[in-house]
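Using the sequences and the hints, build the whole thing.
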Amino acid sequence: MDERKDAPVTPAVGESGQDAYIRAEVEELEASPDYDVALESLGQWELAWRRFRKHRMAIVGSALFFTMVLAGVVGPFILPFDLYTIPYPDVIDSFGRGPMLGHPFGETARLQWDVLMLVVNGTRLSLLIGVLASIIATVIGALVGGIAGYFGGLVDTILMRIVDSLLTLPLLFVVLVFTKFLGSGNWLSVTIIFGLFGWLGIARLVRAILLSLREEDYVDAARAAGVGNFRIIFRHLMPNALSPIIVATTLSVAGVIIGEAFVSFLGFGVGPETPTLGNILSGSQDTIINGNWWWAFFPGAAIVVIVLGINFMGDGLRDALDPRAKI
Amino acid sequence: MTTDLDPGAHALRAGVGDVLLDVRDLRTHFKVMDGLVKAVDGVSFSIRRGGRLALVGESGCGKSVTALTIMRLIDQPPGLIAGGEIMFNGRDLLKLSDQEIRKIRGGQIAMIFQEPMTSLNPVLTVGAQLTEAILLHQETDKKGARRIAQTALEDVGVADAKRRLDQYPHELSGGMRQRVMIAMALSCNPALIIADEPTTALDVTIQRQILELIKDIQTRTGAALLLITHDLGVVAETVDDVAVMYAGRVVETGSVEEVLLHPRHPYTRGLLESIPSQGKRGKPLSVIKGMVPNPFRMPPGCKFQPRCPYQWGECATGEAPLISLGEGISSRCLLHDPRFRDRLAAYDTPMGDPA
Amino acid sequence: MIGFIVRRLIGIIPTLFFSSLLIYSILLTAPGGPEVRFAQNPKVTTAQIDAFRARWGLDQPIPIQYCRWIGVCNTRTGTKQLADDPVGGLASLFISPQGVPNFLPSGLGGGDNGVLHGDFGYSSTNGQPVVSVIGGRIAATAILGGVALVVWIALALFSGVIAAVNRYGKADTIITIFNYVGFSFPTFWLGLMLILLFAGTLNWLPSGGMWDVREVPIFGTDEYTQLLRERPVFVLLDLARHLVLPVITLVFVNIAGDSRFVRAAMIDALGQDYVRTARAKGVAERRVIVGHALRNALLPVVTNVALELPFLFTGAIVTETIFSWPGMGRAYIEAVSEYDYTVLMGILVVTALIVVLANLLADIVYAIVDPRISYG
Chain A
0 MDERKDAPVT PAVGESGQDA YIRAEVEELE ASPDYDVALE SLGQWELAWR RFRKHRMAIV
60 GSALFFTMVL AGVVGPFILP FDLYTIPYPD VIDSFGRGPM LGHPFGETAR LQWDVLMLVV
120 NGTRLSLLIG VLASIIATVI GALVGGIAGY FGGLVDTILM RIVDSLLTLP LLFVVLVFTK
180 FLGSGNWLSV TIIFGLFGWL GIARLVRAIL LSLREEDYVD AARAAGVGNF RIIFRHLMPN
240 ALSPIIVATT LSVAGVIIGE AFVSFLGFGV GPETPTLGNI LSGSQDTIIN GNWWWAFFPG
300 AAIVVIVLGI NFMGDGLRDA LDPRAKI
Chain B
0 MTTDLDPGAH ALRAGVGDVL LDVRDLRTHF KVMDGLVKAV DGVSFSIRRG GRLALVGESG
60 CGKSVTALTI MRLIDQPPGL IAGGEIMFNG RDLLKLSDQE IRKIRGGQIA MIFQEPMTSL
120 NPVLTVGAQL TEAILLHQET DKKGARRIAQ TALEDVGVAD AKRRLDQYPH ELSGGMRQRV
180 MIAMALSCNP ALIIADEPTT ALDVTIQRQI LELIKDIQTR TGAALLLITH DLGVVAETVD
240 DVAVMYAGRV VETGSVEEVL LHPRHPYTRG LLESIPSQGK RGKPLSVIKG MVPNPFRMPP
300 GCKFQPRCPY QWGECATGEA PLISLGEGIS SRCLLHDPRF RDRLAAYDTP MGDPA
Chain C
0 MIGFIVRRLI GIIPTLFFSS LLIYSILLTA PGGPEVRFAQ NPKVTTAQID AFRARWGLDQ
60 PIPIQYCRWI GVCNTRTGTK QLADDPVGGL ASLFISPQGV PNFLPSGLGG GDNGVLHGDF
120 GYSSTNGQPV VSVIGGRIAA TAILGGVALV VWIALALFSG VIAAVNRYGK ADTIITIFNY
180 VGFSFPTFWL GLMLILLFAG TLNWLPSGGM WDVREVPIFG TDEYTQLLRE RPVFVLLDLA
240 RHLVLPVITL VFVNIAGDSR FVRAAMIDAL GQDYVRTARA KGVAERRVIV GHALRNALLP
300 VVTNVALELP FLFTGAIVTE TIFSWPGMGR AYIEAVSEYD YTVLMGILVV TALIVVLANL
360 LADIVYAIVD PRISYG
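Protein chains in written order, with numbering that gives the first Met the number 0: chain A, 0 to 326; chain B, 0 to 354; chain C, 0 to 375.
Hints are computed from structural coordinates only; laboratory data are not their basis.
Warning: the hint list may mix true and false statements.
Stated by the list, open to error - If you want the ones that stay clear, here's a sample from chain C, every Cβ over 10 Å from chain A, calculated:
| hint | residue |
| --- | --- |
| 1 | T45 |
| 2 | D49 |
| 3 | I63 |
| 4 | T74 |
| 5 | L89 |
| 6 | F93 |
| 7 | V99 |
| 8 | I161 |
| 9 | L191 |
| 10 | I194 |
| 11 | Q271 |
| 12 | P309 |
To be verified - As a list, the in silico EDC-like pairs of lysine to aspartate or glutamate whose alpha-carbon atoms are at most 20 Å apart:
| hint | chain 1 | residue 1 | chain 2 | residue 2 |
| --- | --- | --- | --- | --- |
| 13 | B | K30 | B | D17 |
| 14 | B | K37 | B | E84 |
| 15 | B | K102 | C | E284 |
| 16 | B | K94 | B | D24 |
| 17 | B | K94 | C | E284 |
| 18 | B | K214 | B | D154 |
| 19 | C | K42 | C | E337 |
| 20 | A | K179 | C | E337 |
| 21 | B | K288 | B | E272 |
| 22 | B | K102 | B | E114 |
| 23 | B | K214 | B | E256 |
| 24 | A | K179 | C | E333 |
| 25 | B | K37 | B | D24 |
| 26 | C | K169 | B | D74 |
| 27 | B | K142 | B | E153 |
Built from N, CA and C at the ideal position, the CB exists for glycine as well.
Shown next as structure tokens:
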């Protein structure tokens, strides 16, 4: 069994469809318990990393995502943004000019901002908002789900009733009200709002896992040894839920980025002094019908690349961390 | 009685008219991760009209794959039928088009599966599942099909058959569901019934009933029976002839009395010795040492060699063909190779003279 | 079956109650309040704002405001009366003019105010009853959502089954990639791109709206109905032209989840023993796939679809905004812009109700289609 694990997986000779099939079979075999036993000595995280590396989509996704992260981190230093510095275009054309050498993504209509500059600055903030809001949501969700799942009974009933009720209200509806009525257009408050209302799914996930784990013997053992409830929840039980939580958090980054983009596009979210991939699009709708496509296209394409990258990565993570999960 | 069964394939030509199914050198392989699993690798046997043959072996020896290959129910890929012939009524099933094989399936060859709990479709009524096959293979309308289905259910001893037709599988017990499966198999008067471990998933008390039923149906309809099982007790009660499989090959064939009372092949012998019985009370039960070989690392010579108590140097490199020992008996063991006559003498069992 | 449904109906009451409380508290926590729209207007005096608050009952204690909005209390008792006679005034809140508990249906002598009695109040922007504001919009949303639903379920089933049958083959790979890409598209941006291509560059389709304003009267008016009766083909074609882009947008983004779901359910079903049994009976492959495997795979799919029904209303918010579709989603955005609290609450209540009913529907449908479930 041991030589097998390090042998490179070379599919048998055959036509490409056959190869794809065999590759998929290989992945399934690797995910099977037997394979786990063979690789037991590797440790859980190392094992996950090996699986992740072999996941073609996950690697493509990571490449897309980290390219955008790089653009968002480095880009703003090269092409800084300052709302109060109105660009002085060399040629005045209030319709904006299309992609050209100095401005590969073109210029916006009216003020003639460089779209590439807007995109790199927007990418930075959109990513930041997505990641921060997802972390906030995960912390709240793990807390609520952990408490509900561990204690069960009345606590669980009440908490889950609240979650169910909140789920009857579409997230976007609630967030719109808050982002608009808070009125400040501040990116941090938008982030917090997305975080405060985005934890429901994770809470349900964590609760379901803890509900099944709390019956395990080691929980009784820990309790008998006088370990406190919260220590049991967060030190003993939560690590078991870590894999699905990581996957859910990753995927939720994509959700927040799209949600924030829409809210800010409407003008209800982050204000124009801090560009996000959403708010730099507002205004583009008016000129799109006249043929200024680059203004709307490039920021949106940036969102697609980021979100596609995250979704691929999330899928790879799911397969790597939680091979028995379906779909 | 058993002379007409001769799996030594080619010697068989003489009795062709009487032979219903003749499997010759069948090879079914699976392409998986590390290469090729030769699940069935040169299996030959035949069944005459109305005959009863058991394919016996441990799980993983390829007996179920053989049955599924006969029905052409192997998914390709990953499956790959690498060679051989399956002559049924003089036609090679492997050469038929999809449409032609569908006419045979369920019509001329019916199959009973191991798991009655999962082999019936949970969202269709028993009646719908029974009539589906009847409408496919017989000239009748819906009403007629329903009548035939009801009769079939009555034939397999299902009480209140009319009401059962409108029930869903989950409303029936395991034994009852297996009866439905048998009714489904016999409803189109097949020439061959393949029963793949038909009793394994059932309670012990039900097992006997179902076995009796299959035997009864087989005698009444005159259909041939291919019984696939790992249970030698079932074999003794049900069939006339036996083919023992090991690691994708038939290692021994013969009439049920010959094989069970005078096993030729060391593997068959080991199998029989590992069955607890009255006579062996108080003595330690012998077991076959070692494990079924890893399909990726088959021994180069005889596949049973690593576990065989009688093996010698020759066995690690050379593999015997299925050697015919007359009267339908054959064995795939070098001991029966005329070259090693002297060794056979030392093989300390009362065995029929190979000559 | 009836008992099962009744029990489930009773079960949703607490959820709806919690939802209404949440809706109320969310709007309460949101800063400002209905009068916030005057904040930017220097001409509006404090006295005028106070008068506005008094007229809308905003000067009363919050529990009483909620109680009246929901319809358990009535509006007869004013602030002054409460201050004079706290006990009697408070008690009288819950009693209808006819002298029975206010929450009972009007027909039984209960009050006629509040959500329970179908009274969602009046829009603070145009004074129309909220019910007619929502009522006028809900049809437009239902048309868009309904058409999108039919298209997307048909496509999801088709693509999911094809992908499952050709698992890991070329068709599966193409469908999978398509699904991932669709799933990663922001709806509003896809809408923009479609407008750019089909309305702008190619000029084949209208860029927005629900009818051609030059030729067709406003949707929902009597004139519209009359024209529909006189020239049905013309009006429906006009509607269809306006539907194309929003429906493509909704379908493209939302099909992915269902398609993957169908694929997984089909792969699961195709691996089951009963599929092998069907093949062993000589059933043709097409019939094995549709009659046996899909028949089983549909069970989880049907439930999933029922759970997605509310999305037709909520998901439309983005599409309706981009394509200026006069539905509930756009009404919601307008209400947010205008701080129109009563309309906001009305739409949220209707949405919550739709979500809860869809959940119930999912349970019922599942119980009907799966013979193994007994609803005892």
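Checked hints:
no.: 1; hint: T45; in the structure: 20 Å, holds
no.: 2; hint: D49; in the structure: 21 Å, holds
no.: 3; hint: I63; in the structure: 22 Å, holds
no.: 4; hint: T74; in the structure: 25 Å, holds
no.: 5; hint: L89; in the structure: 27 Å, holds
no.: 6; hint: F93; in the structure: 24 Å, holds
no.: 7; hint: V99; in the structure: 29 Å, holds
no.: 8; hint: I161; in the structure: 15 Å, holds
no.: 9; hint: L191; in the structure: 5 Å, violated
no.: 10; hint: I194; in the structure: 6 Å, violated
no.: 11; hint: Q271; in the structure: 15 Å, holds
no.: 12; hint: P309; in the structure: 8 Å, violated
no.: 13; hint: K30(B) - D17(B); in the structure: 36 Å, violated
no.: 14; hint: K37(B) - E84(B); in the structure: 16 Å, holds
no.: 15; hint: K102(B) - E284(C); in the structure: 13 Å, holds
no.: 16; hint: K94(B) - D24(B); in the structure: 15 Å, holds
no.: 17; hint: K94(B) - E284(C); in the structure: 18 Å, holds
no.: 18; hint: K214(B) - D154(B); in the structure: 13 Å, holds
no.: 19; hint: K42(C) - E337(C); in the structure: 18 Å, holds
no.: 20; hint: K179(A) - E337(C); in the structure: 10 Å, holds
no.: 21; hint: K288(B) - E272(B); in the structure: 12 Å, holds
no.: 22; hint: K102(B) - E114(B); in the structure: 24 Å, violated
no.: 23; hint: K214(B) - E256(B); in the structure: 18 Å, holds
no.: 24; hint: K179(A) - E333(C); in the structure: 11 Å, holds
no.: 25; hint: K37(B) - D24(B); in the structure: 13 Å, holds
no.: 26; hint: K169(C) - D74(B); in the structure: 18 Å, holds
no.: 27; hint: K142(B) - E153(B); in the structure: 17 Å, holds
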